[in-house]
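Student: Chains as they are written, first to last, in my numbering: chain A, 1 to 285; chain B, 1001 to 1328.
No lab work stands behind these hints: they were computed from the structure. You may find that some hints are simply not true.
Examples of chain B residues toward chain A, derived with CB under 10 Å [what the hints assert, rightly or not]:
hint : residue
1    : Val1020
2    : Ala1085
3    : Trp1097
4    : Leu1102
5    : Ala1104
6    : Leu1106
7    : Gln1107
8    : Val1215
9    : Leu1234
10   : Ser1237
Here are the computed lysine-lysine pairs in the DSBU-like style, where the Cα-Cα straight-line distance is at most 30 Å [stated by the list, open to error]:
hint : chain 1 : residue 1 : chain 2 : residue 2
11   : B       : Lys1132   : A       : Lys128
12   : B       : Lys1132   : A       : Lys38
13   : A       : Lys119    : B       : Lys1018
14   : A       : Lys283    : B       : Lys1018
15   : B       : Lys1291   : B       : Lys1228
16   : A       : Lys128    : A       : Lys38
17   : A       : Lys119    : A       : Lys38
18   : B       : Lys1018   : A       : Lys128
19   : A       : Lys119    : B       : Lys1130
20   : A       : Lys119    : A       : Lys283
21   : A       : Lys119    : B       : Lys1132
22   : B       : Lys1224   : B       : Lys1291
23   : A       : Lys38     : B       : Lys1130
24   : A       : Lys38     : A       : Lys283
25   : B       : Lys1132   : A       : Lys283
26   : A       : Lys283    : A       : Lys128
Glycine included, each C-beta is placed from N, C-alpha and C at the ideal position.
Below are the chains, spelled out letter by letter.
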Amino acid sequence: MSALTRTVTVPALAEGRSDGHVGQVRQFSGLIARELLKTFRNPWVIAITLVQPFMWLAFFGGMMSGLPTSELDTFLLHAPPGTSYLAFLLPGVLSTGMLSVGMFGAMSSIQDKRFGFMKRILITPTSKATVYLAKALGSAMRGLVQIPVMLCAAAAFGVRLQGSPLGWAAWVAGLVCLGLGFSAFFLAITATSTDWQTPGVIANFITMPLMFASGAMFPTSIYPGWMRSIADVNPVGYSAQLSRSVLTFGQFSGSDALYLGYLALFAATMIVLGTFLASRYLKAE
Amino acid sequence: MTTSPAIATESLSKNYGKLVAVDRVSFAVPSGSVFGLLGPNGAGKTTIIKLLTGLSEMTSGSATVAGFDVGRDPMHVKQRVGWVASEVILDDDLSGWQNLWLQAQLQRLDDWQGRAEQLLEYFELATRRKEKVGTYSTGMRKRLEIALALLHQPEVIFLDEPTIGLDPNVRHMLWDLIEGVNTQFGVTMLLTSHYIEEADALCDRVAIIDHGRFVAIGTPDELKRRVKEDFIELETSEAVTPDRLAAIPGVTRVENEGRSWVLRVTSAEEVLPHLFQALRTDEIRRINVEKPSLETVFRDITGRRLEAAGSDVQDFRKFYVNMRRARR
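Use the sequences and the hints to build the structure in full.
Tutor: Printed below as a string of structure tokens:
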């Protein structure tokens, strides 16, 4: 490549830039689109995101479904007679799946720092808060990919799904809030980190207590008192409750609206806190 | 008529804890010129770029880039600067066009497509625009990176070791390109390098930097004129003593450097015949003559070779370990 074409006249920009909020929205949407493009260009990421909750449903759900129906009816307590354990488990698995979404979001951020792409972003007039929010929303959106596949898998396992359009909208909104909250949390505590292992270590540390002390797998009524206390504030539990009301029991009551409100509050708190931390401490490398 | 410089710093400093990475650096770069920072690895060149682009906060001093104060108006500065990294930084999962699109989004550009297309044509990447960047050759990736840096019409481009690790053919192609971009686009450039010939070939002015401080600044010719002597490097048998070398006519100084000698001489052409008379051929294992160059300037000022200084880097790893500790 020795002779470059030097005769080309490169035009000046015709109009210039979008300032203020329009410009920020452009940066934000560009970064989210990049996250999604990268996700869908990497089949392994999609496969793992999809397979992980599916395996819970297949192995754990399959094993528990083998219990005698009378035992299950007693175990599931307030569930309508004949409710399968899979129908009980599905909403819980979809909720706990959002925990790993946060971890993937943080790993994507660390990858950008290690390969220098965070420098490329931050050397443009893009604020750290915009980068942070785009990462959080991008990874939450990635988590939603598992929903349709899980629903199809559940239907294949013979689960009959209930619910009204309003209930389903509330359920999806709840999952988005949960995913956003955990993405925001993971991204905030890894804002200064470039260590691949950090998100995994944090995920290992918090996933088990949040998953089991949530009512996602079993009714909280069988928990000891201390675990029930954790479940009372655990957003995974509220998301599982909301999902179960809508998908398994076909209801969307006032208490379910409160659950949704709690999840929205969790997401908002994490985002505000995370934005504050990221705008000060997010490192370029 | 005077025009304000594209880059100006006043006592610019950056400390990482007790470690001084940049030490009271002051310089000005006129608009449209190419300014080089020449020094070994770890000398503080990249840190200066980070400070001037707002990626890192200065400890003290001040700097303006494209007329804006870096400390007070970093976003205005970032709208007006482009950056080419030492390691190619592109999103390999995206195509060339998608990388340009993302850059346009981040720079908040309204009407960028025409310019992007022309830049791809200029850099001879138009036919590969839809292919993933991961499939590009190193030279193509570098060219795309320069196109990204130019997309938003920056007033200043920072090139951080732009040809490090590239083979000579690609390196010379990039030199050609950098010169072309400077003249055709009228962009001010600040480039860092530890390649003497690169700074010599591309820069209007050069600052030699060592341990975070500017030790010399001027045009390459001015700097070379500072050194009035030639250098002769010798590797000899053990029988050769400093006294024998010092006695050779025209030798002004004898320095011992490991197993070899460095002779400062008035003129290599005049001294070499005397040297071959004074030493037997079997006593000379290697001989190397250096005429005044930026390398000899660095050596004259610091007493070290640029390459050797880069390899020891004053405990390069230790530097970064300390830097990370200081950040915590």
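Student: Can you list which hints this structure breaks, lowest number first?
Tutor: Hints 1, 3, 8, 9, 10 are the ones this structure does not satisfy, whereas the remaining hints hold.
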